[in-house]
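**Q** Residue strings, one per chain:
2 protein chains.
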Amino acid sequence: MANQFNRCINFSAGPSRLPEEILVKAASELLNYDQSGCSVMELSHRSAQFANIITEAEKDLRELMSVPDTHAILFVQGGGSGQFSAIPLNLLSNSNESADYLITGTWSDKSYKEALKFGKVKSVTPSTKVYTSIPDPSTWNLSSDAKYFYYCANETIHGVEWQEIPSNVPENIPLVSDMSSNFMTRAVDVSKFGLIYAAAQKNIGIGGLTVVIVRKDLLGKAQPVTPIVFDYKTMADNNSLYNTPPCFAIYMTGLYLKWIKEKGGLSAMEENSKIKSNMIYNAIEQSNGFYYSPVAANCRSRVTIPFRVGGSNGNPELEAKFLKEAQAAGMIQLKGHRSVGGIRASLFNAISIEDTRVLEQFMINFMKANSQ
Amino acid sequence: MANQFNRCINFSAGPSRLPEEILVKAASELLNYDQSGCSVMELSHRSAQFANIITEAEKDLRELMSVPDTHAILFVQGGGSGQFSAIPLNLLSNSNESADYLITGTWSDKSYKEALKFGKVKSVTPSTKVYTSIPDPSTWNLSSDAKYFYYCANETIHGVEWQEIPSNVPENIPLVSDMSSNFMTRAVDVSKFGLIYAAAQKNIGIGGLTVVIVRKDLLGKAQPVTPIVFDYKTMADNNSLYNTPPCFAIYMTGLYLKWIKEKGGLSAMEENSKIKSNMIYNAIEQSNGFYYSPVAANCRSRVTIPFRVGGSNGNPELEAKFLKEAQAAGMIQLKGHRSVGGIRASLFNAISIEDTRVLEQFMINFMKANSQ
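Residue numbers (full-length UniProt numbering), protein chains in the order written: chain A, 1 to 372; chain B, 1 to 372.
Simulated from the structure, these hints should not be mistaken for lab results.
You may find that some hints are simply not true.
Since the list gives no way to pick one copy over another, a pair counts as held whenever it fits inside one copy or between any two copies.
[What the hints assert, rightly or not] Straight-line C-alpha distance at most 30 angstroms; calculated DSSO-like pairs for lysine-lysine:
1. Lys233 <-> Lys129
2. Lys59 <-> Lys192
3. Lys110 <-> Lys261
4. Lys274 <-> Lys258
5. Lys263 <-> Lys122
6. Lys59 <-> Lys221
These figures come from a predicted structure and were not determined experimentally.
The task is simple: from the sequences and hints, build the whole structure.
**A** Shown next, in the form of structure tokens:
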């Protein structure tokens, strides 16, 4: 915790660490934003100042991800779980239409189960509880009449991440992807997607804001029972200002996007992400089995790395000791999700290479001190 | 703007002025909350620190409003417009069930129109475009089979506010009320309501958070097409932590509620509200028609006061001059909603008596300088 604000290195899976620079800026103008005489939190969402904030955020996001004009960018409430409902409500025009879901972990599974409420959605692979790899595309049972193909680009709990876009889905079926946990940590060809969404609290902001990037020609077919705030067309037509948005969260995302630009954009984020994740995977691989990653090598996540301490099944005592000593060394939120146990290191955009090196060195030293 | 932060007096209808004390506190701990080593924005919503924040906020709200154990308190996303959908989705178990709506302005009208998607809802009075009074209860066409009776406790645009609970609705029909704009500005007997909701950005916080107080026995009957994040039972069963909540907005509401407690609770807020609104209405009444309130005396809002300058139809030039000179004197966001024109002064909890006096004196001086 050697810094002027006594801050920890926070490896939380979300809400997550923010770049310190943007917190300093937010604090400095919290009582009076840009000579407006108000806090950002007090600005009317119809004010010129807030219009500038949301317009800049959209512009920066569009620029950073090269979002084409064919796609709208929406800032919405409800979290990723809100999108579990909003996607089928908007992309299936009635409950007889179908969509394909590829389930690779807890989040795609939850999304699939929610979508069952709104259409004839189908899991393209048999049900399983083991999520350590991406089922081979040759085994997927795709539907020719699917209105979209859904997958989760990174499963935060299981640490399974797609390294490329699924290539075997027919081109006429829009790809829909939950990118909450690896959004803006790597370059993505947005033009290949029908819809991408990301809850902000991992890589670009704070809880309470979700970004949706959606192909405009898919809008306007929402089911009649779509709640108005979940209707993408309503949100798109109103530049995400149909009703009062989460203004402060949009402001924080705006600051975060400027920070990403300053740091070199997505290519820099991706390069950092490779370096950071390699450090941790190398520590695992070079541990002679003291650390263990259950995930297949070709789909190991760069951003959420679950691992065990003390062998492939984990040693609960050693893992508790690991967490305790890590905390004493200023690293928090390293505990794995309760459904899988062990350790999880989330290496989102605001975790620096230096932060990761602290963890890497800790892992090496802990291994030396605790292996037989 | 005579204060150390050069802050304006912000009469915005929402997002609105916040107590300066809570902004100072938020700024002071923005980089490191309560020695956690993290910003509140970076805290996991499953952390002990955040559990404490949301538990305290609920406890304080329950205490301040004397919310009985029969009622759950939920912190949700989606704004008031989200509740327009969530209410019929949760309180009508299928689309053949009915509910009664009393329309007294733009917001209850919008809510009614959204509810038509989800059930056989009915407006109990004939359609109108003139909202300057509450239709006499003897004219309401109530349904005996309504699952609830809906009304908007204060219409922010039209300035029509209920001074008491509607007394003629049969006791077996739950009262549902949008209290966004007068929430916690007056005492309310919560036990008389099936559901109360309030978007936080007017009287208790910032955009992106909505508080729902709902009678527990009404839960668990949601329609199958209810998006999971709008399912009150799911939210109640998970203490509003089913998914990542708008953590920072909940924290700000927590600070605001502590501020209300320190200031003397709802009785103090109500007393202030009476004093503040009387100052403005007196300035209107004593202006010999220079200022004009279109609202019937028995339902004039204490919190959102629309009025005209230069006679009952308003003088656009005088109104523009009023706004310009008010702004020069440090008062902003006094422009009336575009649908009604004129001036609107929103006097929510964070607007002090002293703030209001500045406006009152300005009104008196402006009248002297500009009347024939």
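**Q** Among all the numbered hints in the text so far, which are the ones the structure does not match?
**A** Result: hints 3, 5 break, sorted rising.
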